[in-house]
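Q: Chain by chain, the residues:
There are 2 protein chains.
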Amino acid sequence: MRVGVFDSGLGGLTVLSALLEVSSGVEFFYLGDTARVPYGIRSTETVINYALECAAFLHRFDIDLLVVACNTASAKATKALRETFPQTEVYEVITPAVEEVLKLNPPRVGVIGTPATVGSNVYKNLLLEGNPNLKVLQRATPLLVPLVEEGITDGTVAETVLRHYLEGWRGEIDTLLLGCTHYPLLEETIKKLYPEWEVVNSAKPLAGKLSDRLNLGGENKIHLFFSDRSAFLEEMIEKIPLKGEIERVEVFNWEKVII
Amino acid sequence: MRVGVFDSGLGGLTVLSALLEVSSGVEFFYLGDTARVPYGIRSTETVINYALECAAFLHRFDIDLLVVACNTASAKATKALRETFPQTEVYEVITPAVEEVLKLNPPRVGVIGTPATVGSNVYKNLLLEGNPNLKVLQRATPLLVPLVEEGITDGTVAETVLRHYLEGWRGEIDTLLLGCTHYPLLEETIKKLYPEWEVVNSAKPLAGKLSDRLNLGGENKIHLFFSDRSAFLEEMIEKIPLKGEIERVEVFNWEKVII
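Chains as they are written, first to last, in my numbering: chain A, 23 to 281; chain B, 23 to 281.
Mixed in with the good hints, there may be bad ones.
[Stated by the list, open to error] Below, simulated DSS-like cross-link-like pairs (lysine-lysine); rule was C-alpha separation at most 30 Å, straight line:
{"hint": "1", "chain 1": "B", "residue 1": "Lys243", "chain 2": "A", "residue 2": "Lys278"}
{"hint": "2", "chain 1": "B", "residue 1": "Lys101", "chain 2": "B", "residue 2": "Lys231"}
{"hint": "3", "chain 1": "B", "residue 1": "Lys101", "chain 2": "B", "residue 2": "Lys214"}
{"hint": "4", "chain 1": "A", "residue 1": "Lys101", "chain 2": "B", "residue 2": "Lys214"}
{"hint": "5", "chain 1": "B", "residue 1": "Lys214", "chain 2": "B", "residue 2": "Lys231"}
{"hint": "6", "chain 1": "B", "residue 1": "Lys157", "chain 2": "B", "residue 2": "Lys231"}
{"hint": "7", "chain 1": "A", "residue 1": "Lys278", "chain 2": "B", "residue 2": "Lys157"}
{"hint": "8", "chain 1": "B", "residue 1": "Lys146", "chain 2": "B", "residue 2": "Lys101"}
{"hint": "9", "chain 1": "A", "residue 1": "Lys213", "chain 2": "A", "residue 2": "Lys231"}
Simulated from the structure, these hints should not be mistaken for lab results.
So that you can see chain A by itself, here it is in the shape it has in the complex:
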């Protein structure tokens, strides 16, 4: 079994980490598009172009299944991906998180994500489709990706930035949906500031959905590809637990890739 996973950068490693936790005997090919991160501030057309290129890259490894481990790409490019690669099962990170919130059934939920994800209203629309009485608040939180990519996940700076975005929701929401794969790295700090909130992210619900199919016995093999040697690459790989044998870490140049 070969699974392709891609993200705009390093945040999708949290999704890969959760998938590896429930997998055995699976070969994972992860692509972090670090040469063009972040996707969340870019236009729909650009995000679709980038996502299709990432998917084409991963298809060179004969993958059976594709996971879009980026909320922005999930929101903007899933349809285009399914149309362009009809033979591939495409999983995205939005539906599992929405289902998890609907299962918890809170009266009020807050959704945070990149400007692109929040602007698409994809979470809001799906949540209200599942429960028209749900009160849904949304906020774009563009500083959180660079914060996490710099490794600042706790302490004064992280808390100040989180309060800047979230303080207005104190007493206004019961559940916080983390609509970006970078944000789970801030989860502990969020829970410290707002212990009364249930915090939901898509990594675990998605992994739960796929666990039956990915538990094949034996060791996982991991191939990591990045489109640029970004400043915090090694730190992030060390910070996020990856259960399996890392077979390669390769930095490539988009301009030299023929897909």
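Got chain A sorted already, so can you dock chain B onto it with the hints?
A: Chain B alone, transformed into the frame defined by chain A:
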């Protein structure tokens, strides 16, 4: 007279603004590579590729002079640009700021910039070349670009992030060199927190250097190109004064450009 100016994104508009202040009768072509911002976390090879593409794009407009309004590209790609476009005068933003600091002649200077700029040691090396007795401190401050691009230039969040990076230098430096074209938008807040520091940025010294040649009489004309319609485009254009007639604001797609 036609002048091309490029930056990784919107920060270079501070350089364009300073150039327009000293210009008359000049036609400016500005390219903000918003589809691939930020450059400062990317590898040298990638920054050079991107810079050459930006320069080729601007050469389609028969420019007489090219200004690299991005510190990362100035540090990493100036040599490659001069070699690839030998017929064009290439100005970068590093030398003017270094000359300004050497003119002020402080005993101790702090340099802040992106990880790429600081990692290149370009400021440190040039400053020490000019004055071997100067004490030069350096720090990469990668959160400041996204902070400015989100429009957070004062208030608690801006102050907390600035203190996170700069508080250790209180009493340790006399002059702060802003080694990134986004940072002038934070200058007021920096001066409020550290009124004892002289703050130097490259925009004004560079404009001063070129003022004789750019003062031709008549109105300036401005053409603005961006490789993506990013979330904060309009806000930034409104925030930064541009003296002249804006003839066009155009968003293009790199994949459809033949250069």
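Q: Does each hint hold? Answer for all of them.
A: Here is how each hint holds up against the structure:
1. B/Lys243 - A/Lys278: Not OK: B/Lys243 and A/Lys278 at ~38 Å, beyond 30 Å, violated.
2. B/Lys101 - B/Lys231: OK: B/Lys101 and B/Lys231 at ~20 Å, within 30 Å.
3. B/Lys101 - B/Lys214: violated, 37 Å
4. A/Lys101 - B/Lys214: violated, 49 Å
5. B/Lys214 - B/Lys231: OK: B/Lys214 and B/Lys231 at ~28 Å, within 30 Å.
6. B/Lys157 - B/Lys231: Roughly 26 Å between the alpha carbons, so the hint for B/Lys157 and B/Lys231 holds.
7. A/Lys278 - B/Lys157: violated, 43 Å
8. B/Lys146 - B/Lys101: With Cα atoms ~18 Å apart, B/Lys146 and B/Lys101 stay inside 30 Å; holds.
9. A/Lys213 - A/Lys231: holds, 25 Å
Violated hints, listed in ascending order, are 1, 3, 4 and 7; each of the other numbered hints is respected by the structure.
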